[in-house]
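Asker: Chain by chain, the residues:
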Amino acid sequence: MASDLLSIGRSGALAARVALDVTAQNIANASSEGYVRRSVRLAEVSSSGGIGTIGDVSLSGVRLDRVVRNADLFRQAEVRRTGADAARADAEVAGLENTEVAVEQSGVFNAMVKFEGSLQQLVGDPTSSSLRANVIEDARTMVGTFNIASNALDSVGTGLRFEASDGVSQANTLAQELARVNLRLARAADSTSDQTALLDQRDSLLQQLSAFVDVSTVISPADGTVEVRLGGTAGEKLVSGGSATTLGMTTATNGTITFDVAGVAVAPSGGSLAGKAQALIKLADVHTKLDQIADAMASAVNAAQAAGAALSGAAGQPMFGGNTGTGFTAASLTLSLTDGAGIAAAAAGSPVNSRDASNLNALRGALATSDPTGRMDGLLFDISGTVAGRKVTRDALQTIAGNARVSLAAQAGVDLDGEAANLIRFQQAFQASGKVMQTAKDMFDTLLAIR
Amino acid sequence: MTTISTSTSAFYERSTMDMAALRAEAEKLQGSLSSGQRLSRSSDDPVGASRMRQLSRADSLSTIDTANASRAAGDLQLTDGALSTFAEYVIRVKELATQAANGALTDAQRAGIGQEISAIRDNVIQLANARDMAGGALFGGQSAGDAYSILPGGAAQYDGTSTAPDLPLGDGQTVSPALTGPQFLNFSVNGTPTDLMAAMKAMGDALQAGGAAAQTAAQTGIGAMNQGLDAITTAQTVVGSRLAWLDLTAERRTDLSEMRSTEENDVGGTDIASTVARLQQTMTVLEASQASFTKLASLSLFNLLN
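If you read the sequences in order, they're chains A and B.
Its first residue numbered 1, the first sequence is counted upward by one per residue in my numbering.
Its first residue numbered 1, the second sequence is counted upward by one per residue in my numbering.
If we strip away everything but chain A, and leave its shape as in the complex, we get (with noise of 0.2 Å):
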């Protein structure tokens, strides 16, 4: 008989302790960040016989196996691919979406119709100085909302590389913070709290970074040290082991943004990085085709002006400044012609005053053929078509990454109503432990009283 009822008693006591302390830590971090719930694993403790003792009960008592963490692998990277995607889809709709604001609210298309219009009605009266410094004026209002419209989508990109460059940095804080977990990881002891509270940090960060970009991870079965890359599971390395490469961006002259890691082309697919490149790519697109509308109105009408008769006889001056030498910019108009007096109404050789209105006609007859109001139109049916498609794929998105969420929080999160039937249980199993140290005294006091 190898077995001591009172140590027994003693792991038992020591099991349950360690249970409830373990249900306790559950309970307090209930709602923390990151927290995967744990559990006790306990085993027997218990000899078999040796020689000369074949068929002995040899018990003594419980022990502590491991603390389990509950965390699943598969469920935690679910949440780390579908919350890349939906930063990137709420990135790309946030940088489009101002972009969208900068033009629209900017009012070019309101400026370029009233332009128009005041033309038309000069048409009626092409020797009145009132309907002439009517468009004048409009036409510096219409100018005025080009610069604006332009120094508007400036800022929206300014802001998106500033955005973009912090993001590049916190990424590179939180992969220089995944190498030191990766290095205390290697050094730690399997299944202390240690340990596990250290898997904690790295799955956080894992997700923090996978907001930023997309990784793909593989993760060490021998001591949960993790390897980051990213572009896909043969791309850079980011971080591997105790070692983290810096995350690098390069601005174009266009104002788009590429990613390297450490001098190597990267095309992060996911994250909020990869929106902004995404964001910034389409603001290009828009600011060129926005500069190009601009080039056809300046264009069109100073060619009108340059084959009519002002109001005095003499040729028509240039009505629009700031060619940049390849054609005119929404940054660059200005507005030259200020005296009413200038416009090319007539045609050219016509005498001083004259009501002729021919030229004019000619050159609203040249806006309704290249019709640079439409093209306004159409440009902005482009950003808000598009506007409009990536919410929707940004909704979906952030659905899909919410019940990712939501599925891994059931799996590994804390319920409060099973860790109080736990304590109630494990409460319930030290008072048993305790009973079973009083035995052994009974029982040892029912010996000594033996006489």
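All clues given are correct.
Result set (EDC-like, lysine to aspartate or glutamate): computed pairs, CA atoms no more than 16 Å apart in a straight line:
1. A/Lys391 - B/Glu25
2. A/Lys391 - A/Asp90
3. A/Lys391 - B/Asp45
4. A/Lys237 - A/Glu227
What the hints contain is simulated information worked out from the structure, not anything from laboratory work.
Let chain A serve as the given structure and place chain B on it in line with the hints.
Answerer: What follows is chain B alone, placed relative to chain A:
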């Protein structure tokens, strides 16, 4: 949400997501009710927003068409009035010519008639130089100055352009708001082209000169005045039909404007009844989910364990 879970944080996260979505939906409906606009930005409905932009562009241009049309109508009415006066002058000259053609009249009487005709001719020239609503020559086409000037010999000369300008009325329609002088003052007598002023001057001069030629000139003058009256009456018909055309286009513009307003309302306006109903529905669901959330959240095993 199809996940069945017992985790506390999952329960809270799920409830928060659902209630936030309902709240956002309710706020969007409330926004469209309070603004009266279904679209707060283009991306809410890109096609609808583009249609709204086209409609507002058409509206804005149509306002200018209306202004142009009323300017044209004003000029045409001025033209019409002037033509009536021209006709009265021609009829008066014709009466005088008829008197002068009478052989019983003395040279002195004919000279008196001739002076009256010359005076009427001066009025005709002044009337031909009348101004339109914008202050330009009404019958001078696109000329900057007067339509007619008097040469040193006393003859009237047309200085205007050959055509009157066209005013756009929208949808590619145009109208010419005035006539040029030669369009109704020029005619031909026995195949010889002449104009009203020249015919009056010839008759007035001949009557004042007296002699046998005076009576012949008066007889020729009657024929010329008949031709002149014909030309003026024809011009009045043209002006009348142009005014009718303006009325027609005005009606069409009003119809189109009504259609545009209706469409703007359909595309961009809020359907109050259905929006209120949807808001009510959303609010009911939100209230129910809040109530059930409160009930479930207060259900904890800790409360029952003593």
